[in-house]
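S.K.: Taken in order, these protein sequences are the chains called A and B. In this text, residue positions in the first sequence follow the working numbering: the first is 1, and each later residue adds one. In this text, residue positions in the second sequence follow the working numbering: the first is 1001, and each later residue adds one.
Because the hints were derived from the structure by calculation, they are not lab data. It is possible that part of the hints are untrue.
[Said to hold, decoys possible] Okay, the calculated bits of chain A under chain B, using three or more residues with CB under 8 Å as the criterion:
{"no.": "1", "stretch": "95 to 107"}
{"no.": "2", "stretch": "303 to 313"}
{"no.": "3", "stretch": "346 to 359"}
{"no.": "4", "stretch": "363 to 375"}
{"no.": "5", "stretch": "387 to 395"}
Each residue gets a CB set at the ideal place from its N, CA and C atoms; glycine is no exception.
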Amino acid sequence: MSEVVSLTAAELGAAIGTGEVSSEEATAAYLDRIGAVDGQIGAFLHVGRESALAQARAVDARRAAGEELGPLAGVPVAHKDVFATKDMPTTAASKILQDWRPPYDATVTARLREAGLVILGKTNMDEFAMGSSTENSAYHVTRNPWDTDRIPGGSSGGSSAAVAAFEAPLATGTDTGGSIRQPAAVCGLVGGKPTYGGSSRFGLIAFASSLDTPGPLARNVLDAALLHEAFSGHDPHDSTSVDAPVPPVADAARVGDVDGLRVGVVKELDGDGFQAGVRQRFRETVELLESLGAKVVELSCPSFDAALSAYYLIAPSECSSNLARFDAMRYGLRVGDDGTRSAEEVMSLTRAQGFGAEVKRRIVLGTYALSSGYYDAYYGSAQQVRTLIKRDFDAAFENVDVLVSPTTPTTAFPIGERLDDPMAMYLADLCTIPSNLAGNASLSVPCGLAPEDGLPVGFQIMAPALADDRTYRVAAAVERALSERDGDLLARNPYAV
Amino acid sequence: MVLMTAITRDEVAHLARLARLALDEGELDTLAVQLGDILTAVTKVQEVAQGDIPPSSHALPLTNVYRPDEARPCLTPEQALSGAPAVEDQRFRVPRILGEEE
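Sequences are here, hints too, so could you generate the full structure?
M.R.: Here's what the structure looks like:
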């Protein structure tokens, strides 16, 4: 069944639509693929073989009954373990939620099911989505299919590794500071962060609620766009959901025309600290867009220099508040309840044993930044920087249609390299964070392999809020031009099928 | 404004108590150093955020959202209690919360 696994999601959906292949056959092929390679990659925390096959048979039955189904009906998907799924464990890769089964589905989960997508299982991640390497999972490491000694990115690293290793054609992710775009970049994939509020947070285990955004990962731009459309859109269950139509991202991915488009290169998101091969591929891609008719200008967003600092105050502050819900009382782990200890003691013991080092670090940092006496100097100043970043974006988008930068300063780094140095780890999010703070649409598309290490480089495209379609349009142009120049880049990954 | 970015082990212990985290001695030591490093690195926000710039808690303008005040289906008691560490008489059973020593 390697032919099925090598198809794009759009091709597989079409083949299932015409009855050329059944969803059950496709699902079985992917389950076999997971069985063959996931021992080496470690992308999944849970594989739901029986539930996936049952979902696939249900889609085949709906099709046989003549029901009109969407373009991804019957196509398998890997689902990040941060989304509530009532038929599978949901752990956010934390010991505090080991074996927990939520009593309801997240909106994203429910919409995947409605669109007929078949959920293969739940993917590994940094615990509570805090990290850039998936090394903060409480369960196991995940390896980058391009080089299994390197990280797959994070926090959606199980999702990126699954798609890059052809264990799934599509995956969901969430992006709080770059957790979709960075893993996509280092695994040679397309990863989109929709406009904040464009995809629902209901049933998503919260990390930083003003930043968290679900989005798609795929091996090509059209597949990412189709998945984006399948689960996005207004949700009355999420009070920050935007009540507006989903931007026409799939149409934009099919068009891919940049003639006359105004492209701004952000001066602050490139520089000496960046890997030479990353800068080279980025510059070449900007020139490529120019050759396709785009009008390129360099511009400055001075406040972006403080974005990383603002993020590492805002995100831990929100995390310290959100994770207060893990109190050992209503669900999840409870430690030390021997009849002699008080609720407060049980709570403190449970949280100390249930949370990993990075989660504890962020909870304590957030508690500090929000505490009386420091609030104005830290959390308050960070919120002011957030205003400045938003103003920089607004000013830039008066003159250009999209902004571009490298997605990450370096290619995938070796497993273990940054584990003991939190600030070095945080730098992986340097270019992705501004769009989380401002809430605008952003996407990463592969732009070649770095000459010095042969690893994928990501090209980031940022567009105004609710103009997500522009990011897909530019990404499709890059994808097409590069495939003419370089051929099928993904095929150079040792796990390509 | 002089900003304190060094953080003592006792301060970390106080924060951990506030956050209900029973951290061990080694964790307190490590965190005191790491938090100092992180806070030093993020003081940039104070250089940039000067003057009367309004703070943004969210990126996009938000208005409160209400739904009609009507009864609608919700979780059953069994579903709501399905993940509870301990249950008694259709309720969450919790360790004692009164008479704690101060």
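S.K.: Next, verify each hint and record whether it holds.
M.R.: Status of the hints after comparison with the structure:
no., hint, verdict
1, 95 to 107, "holds (count 5)"
2, 303 to 313, "holds (count 8)"
3, 346 to 359, "holds (count 8)"
4, 363 to 375, "holds (count 6)"
5, 387 to 395, "holds (count 3)"
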